[in-house]
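Participant: Based on the sequences and whatever the hints tell you, model everything.
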Amino acid sequence: MIDINLIREKPELVREALRKRQMDDAPVDRALELDLGRRDLIKQVESLKAERNAVSKEIGKLKDPAERQAKIEAMREVGERIAALDGQLHEVEAKLEALMAEIPNLPEARVPVGVDESHNVVIKTVGALPEFDFQPKAHWDLGPALGIINFEQGVKITGSRFYVLSGAGARLQRALIAWMLDLHIRQGYLEKYTPFMVKEAVMFGAGQLPKFADNLYRDHEEDLWMVPTAEVPLTGLLMGEILDEADLPLHYAAYTPCFRREKMSAGRDVRGIKRGHQFDKVEMYKFCKPEDSPAEFEKMVADAEQVCAELGLTYRINQLCTGDLGFTAQITYDIEVWAPGCGEWLEVSSVSNVGDFQARRANVKYRPADGSRPRFVHTLNGSGLGMPRTLIAVLENYQQADGSVVVPEVLRPWMGSIDVIRSET
RNA sequence: GGAGGGAUGGCCGAGCGGUCUAAGGCGGCUGUCUUGAAAACAGCUGUGGGGUCACACCCACCGGGGGUUCGAAUCCCUCUCCCUCCGCCA
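Quick note on numbering: the first sequence equals residues 320 to 744 in the numbering used here.
Any given hint could be a false lead.
[Claimed, not checked] Quick list of simulated restraints, FRET-style, between CB atoms:
| # | residue 1 | residue 2 | range |
| --- | --- | --- | --- |
| 1 | P687 | V474 | 52 to 62 Å |
| 2 | G406 | K380 | 28 to 38 Å |
| 3 | P609 | V725 | 43 to 53 Å |
| 4 | D721 | D542 | 45 to 55 Å |
| 5 | D359 | R590 | 57 to 67 Å |
| 6 | D452 | D542 | 32 to 42 Å |
| 7 | E436 | N372 | 15 to 25 Å |
| 8 | P609 | F453 | 35 to 45 Å |
| 9 | P693 | D359 | 35 to 45 Å |
| 10 | E629 | P463 | 41 to 51 Å |
[Said to hold, decoys possible] Using 27 Å as the maximum straight-line C-alpha spacing, the simulated BS3-like pairs for lysine-lysine come out as follows:
| # | residue 1 | residue 2 |
| --- | --- | --- |
| 11 | K593 | K329 |
| 12 | K382 | K368 |
| 13 | K368 | K475 |
| 14 | K618 | K608 |
| 15 | K368 | K380 |
| 16 | K414 | K362 |
| 17 | K443 | K593 |
| 18 | K368 | K339 |
| 19 | K390 | K362 |
| 20 | K475 | K390 |
| 21 | K339 | K362 |
| 22 | K362 | K382 |
| 23 | K530 | K475 |
| 24 | K530 | K684 |
| 25 | K414 | K518 |
| 26 | K390 | K380 |
| 27 | K593 | K475 |
| 28 | K329 | K608 |
| 29 | K362 | K329 |
| 30 | K530 | K329 |
Because the hints were derived from the structure by calculation, they are not lab data. Values in this document were obtained by computation on a predicted structure and should not be read as measured data. Where is the CB? At the ideal position from N, CA and C, for every residue including glycine.
Facilitator: Okay, structure coming up:
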């Protein structure tokens, strides 16, 4: 949620920001109009309430029955006017709130302006594209050949786009998750294990609702929504709280499965495990003071890079342009790793500074040490990393001519005696 | 799933239709005293909204929502959560 006061005071700035996102700026006019109506109604209804409060207090003290009765009747009338105006006010507020809830975050000034992903900017590439003296296979060939990815079983028990990991494949993914979490702990994050289902209010707070309801799975009978990313429950942890300045920053890391209903086009990303309705991810998340968020952002990007680097993967950082930014983000860097088998850069991480956008929705504040009034915190999130794609990259980069896969050094503590994944393992 | 009991400020806890402007205690802040500290004493100590150049002032909030009433922390309905007991369960 952006600040209604910002729209009121600097409407042009908001208009410009929305245009950069390829959006119509009509919501600005509508918000201004509703805000004006809202304040007008508040003035009316509150002055009536002040009158009623004062007179009701008098009534309590009045002895003369006639005088008392006259005032009661007068106030009954005032009460009716209050009820009518309150009704109008609620209506206007609901409209304004609904409108504000669908306005995306404003891009930072330094974000490159662009229409769509074709205008994203590669900031740096680390490592060289690996060379093979044989034709590297894609994971959808490697995995089944090694018996570690089974597409048929996933389809059998759940449906299209689901798969089963087996043996060393399942173990390799578990190793990645455990190793990543341990790395983030060393980087200063506190590990969290959260519910994988949350209430609607938490989905709203994290910015998933109401706009992206189509992409979420939910329980039909209860107010339970399956998380599309750990960012959601982590945002919710501090919902409605006022922290002390000394508590900040808070750095959290969490592993969760992620559930996304997104409708996927038939021709795109259909092969392999790159995109599914369920995937695992290790997430980094921060709550910090507003003035600290730019530095925290750079640090989080570096933390995600370290994961790629220690895995020995070639990666690049891609800055999203204004037209490609997510709903809640004011700046985002995607990290992509090279997958030599399928021959493409795979997005394994997306790191965003959300500013106070989620903090406003979830109402997370902190009280400055000088005792001044509470301010919204800033939040940041970043994958560290997304699982199936990291798994793809490991399999495709570490494959050998005979179809076996060498286990990266850092993962070996979790792989038992398996240093090389072969078809018989 | 069944039966009962609860939810009040940062914390504990009173209040059960008008003087609640929410008692009292604890904690915190400021001041007096002190070389300093402690103790004692005095004052202050929530959030959001409206309003104002800034004040003043006004409105709302006693778990959430709705209702009754001139007036609700207090009465009614409903939801959520917590506790106790029974049942079921990894």
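Participant: A separate judgement is required for each hint: does it hold in the structure or not?
Facilitator: For each hint, the structure was consulted:
no.	hint	result
1	P687 x V474: 52 to 62 Å	holds, 55 Å
2	G406 x K380: 28 to 38 Å	holds, 31 Å
3	P609 x V725: 43 to 53 Å	holds, 45 Å
4	D721 x D542: 45 to 55 Å	holds, 53 Å
5	D359 x R590: 57 to 67 Å	holds, 58 Å
6	D452 x D542: 32 to 42 Å	violated, 57 Å
7	E436 x N372: 15 to 25 Å	violated, 57 Å
8	P609 x F453: 35 to 45 Å	violated, 53 Å
9	P693 x D359: 35 to 45 Å	violated, 28 Å
10	E629 x P463: 41 to 51 Å	violated, 28 Å
11	K593 x K329	violated, 42 Å
12	K382 x K368	holds, 23 Å
13	K368 x K475	violated, 64 Å
14	K618 x K608	holds, 15 Å
15	K368 x K380	holds, 19 Å
16	K414 x K362	holds, 18 Å
17	K443 x K593	holds, 23 Å
18	K368 x K339	violated, 44 Å
19	K390 x K362	holds, 23 Å
20	K475 x K390	violated, 75 Å
21	K339 x K362	violated, 36 Å
22	K362 x K382	violated, 33 Å
23	K530 x K475	violated, 32 Å
24	K530 x K684	holds, 24 Å
25	K414 x K518	holds, 22 Å
26	K390 x K380	holds, 12 Å
27	K593 x K475	holds, 19 Å
28	K329 x K608	holds, 23 Å
29	K362 x K329	holds, 23 Å
30	K530 x K329	holds, 25 Å
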